[in-house]
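Student: Residues per chain, in single letters:
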Amino acid sequence: MDFLADHQLYIVMSIVLIIWLGLVVYLVRLDRKITKLEDSLKK
Amino acid sequence: MKPLFAPSYHIFLKDSRSELRTRYALNALFMFVVTALSVILFSLGSESVSSDVLAGMLWVIIFFSSMSGLSRTFVSEEERGTVPTLQLIARPTPVYVGKLFFNFVLTFSLNVVIALLYIIFINNFVVSSEAIFWTTIFLGSCAIASSSTIIAAIIAKANTKGTLYPVLSFPILLPMLITVIKATQLSIEGAFFEEALGEFQILVSYTVVVVAVSVILFEFVWKD
Amino acid sequence: MPKYFFWKIALLIWLTLVIVAGLLMPMVPVPHAWYELPIIPALEDKARIIFFHVPMSWTTLVAFIASMVYGILFLKTKKMDYDLRSVSAAGLGTMFCVLATVTGSIWAKFNWGSFWNWDPRETSIFVLLLIYGAYFTLRSAIDVDEKKATLSAVYSVIAGVTAPFFIFVMPRIMTGLHPGAKGDEAGSTPVAQLHMPANMQVVFFASIVGFTLLYFWFFNLKVRSARLEQSIHQP
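Chains as they are written, first to last, in my numbering: chain U, 1 to 43; chain Y, 1 to 224; chain X, 1 to 235.
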């Protein structure tokens with residue numbers, strides 16, 4: 001508990017990073033999906 | 001210039017004549033002003049409100065009255081089906097200029113009436129510097145007319161015209177509203193005319209810029 | 001494999017570093033090491049918001065200008081693809097505008113006591129939100145595609161022309177809380193030129209560049225998916 005109180009900033013940062021990583025994964029997947037659709041449409 | 005002036009003037013005359021003929025719109029607008037003013041007087045009751053608030057409210061009334069009245073010049077053409085005729089007999093720019101001038105005359109006269117009623121009926125509202133006040137009313141009317149006309153042209157082609165008009169106009173008019181309220185506050189305080197010059201410059205440049213851009217853009221809006 | 005895949009991953013790593021740096025670089029009274037930031041009195045850790053809130057405002061402006069430019073291009077060429085790009089930019093701009101307003105408002109609460117104050121800069125971001133709202137409302141009120149494109153392009157130009165009055169009217173007329181108002185010479189542009197030490201500037205500009213590039217990536221994705229949609233509905 002002491003650790004959490006002293007190092008609140010790390011907790012904030014972990015939360016932010018988790019959200020950010022979620023966004024990153026979503027973005028990469030979306031890009032891949034669109035590229036796949038475009039390629040299949042071109043054929 | 002000459003080819004511009006005559007057709008614009010005729011369009012202005014046409015609009016003025018048709019409005020004066022029916023008087024419906026003018027009556028409705030005037031009653032709107034009276035109603036709005038009465039609502040405010042009633043809500044204030046015997047409370048005295050600071051002059052800053054009163055300055056703001058004056059322009060609220062002016063803004064909504066303009067929203068009631070200034071879209072008519074284009075919307076009525078659509079409703080009456082006279083748009084193709086107008087497109088045939090005149091180039092876009094004179095149509096715009098004529099209607100701009102019509103809107104200016106309409107809003108200026110309306111605002112003068114509103115300002116006079118406001119001064120007469122609201123006790124706390126005392127204008128110390130008349131020059132600033134009336135210049136503000138004049139320049140404010142120019143600014144309102146300038147952006148209202150082009151927005152009116154835009155919404156005349158859309159579906160939900162009435163409610164759309166204030167929605168589109170407000171963000172465009174806001175910088176002008178802030179300036180004009182500030183200038184009105186200065187006139188209440190009794191500042192020297194020179195102090196309000198900054199605000200007047202803003203109003204003039206706003207009007208010039210909006211009219212210039214509108215003249216270029218109007219053709220796109222007007223033609224199908 | 002998407003195009004420029006390597007660069008996109010690099011951008012994401014770049015932004016991750018920006019986030020870590022922005023949140024973790026310690027603030028000390030007298031910075032010595034390259035990674036130490038000065039404490040700004042009365043702000044302390046809250047100053048970190050500058051790494052995230054300002055880039056949001058900056059990108060929403062970039063998006064707005066892009067939307068306006070594409071609108072003008074549509075008016076000149078009548079190609080519907082420009083209108084497609086204009087709407088996509090506007091959509092993204094709205095999202096960034098909401099983010100900028102919300103982050104700014106949260107910080108306002110912690111710093112100056114209330115969520116909203118009608119400070120000039122706060123008002124101008126709100127006006128931008130209204131302009132975006134009006135833009136989409138206008139589009140929804142028109143049925144014919146070409147008319148929709150034309151009228152919304154015209155509106156975005158008019159809005160684009162009057163909005164700068166806000167950015168320059170503002171500092172002249174009003175004092176305010178937000179940095180850059182009258183009385184605080186730190187500048188009146190969207191990117192406030194606060195006096196920042198060099199290492200802070202590095203993180204700050206890295207953040208701006210990173211988020212701008214991220215915006216371009218979002219934009220590219222949005223336009224491509226809109227085009228795909230169109231080709232499905234009109235083969």
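Because the hints were derived from the structure by calculation, they are not lab data. In this text the structure is predicted, and so the values were computed from the model without any measurement. Among the clues, some could well be false.
Some chain X residues well away from chain U (every beta-carbon gap over 12 Å; in silico) [unchecked claim]:
hint	residue
1	Thr16
2	Tyr35
3	Asp145
4	Phe168
5	Gln201
Footprint (simulated), chain U over chain X, 3 or more residues, beta carbon under 8 Å [claimed, not checked]:
hint	stretch
6	20-32
7	62-71
From the three backbone atoms N, C-alpha and C, an ideal C-beta is built for every residue, glycine too.
Student: Now tell me if each hint is right for this structure.
Tutor: Okay, the hints, checked on the actual structure:
1. Thr16: violated, 7 Å
2. Tyr35: holds, 14 Å
3. Asp145: The claim holds: Asp145(X) sits with its nearest Cβ about 22 Å from chain U, beyond 12 Å.
4. Phe168: Per Cβ check, Phe168(X) is outside 12 Å of chain U; nearest 35 Å; holds.
5. Gln201: Gln201(X) clear of chain U: closest Cβ-Cβ about 21 Å, beyond 12 Å.
6. 20-32: Per the Cβ count (3), the hint holds.
7. 62-71: Since 0 is below three, the answer is violated.
This entry does not satisfy hints 1, 7, going by the numbered hints stated previously.
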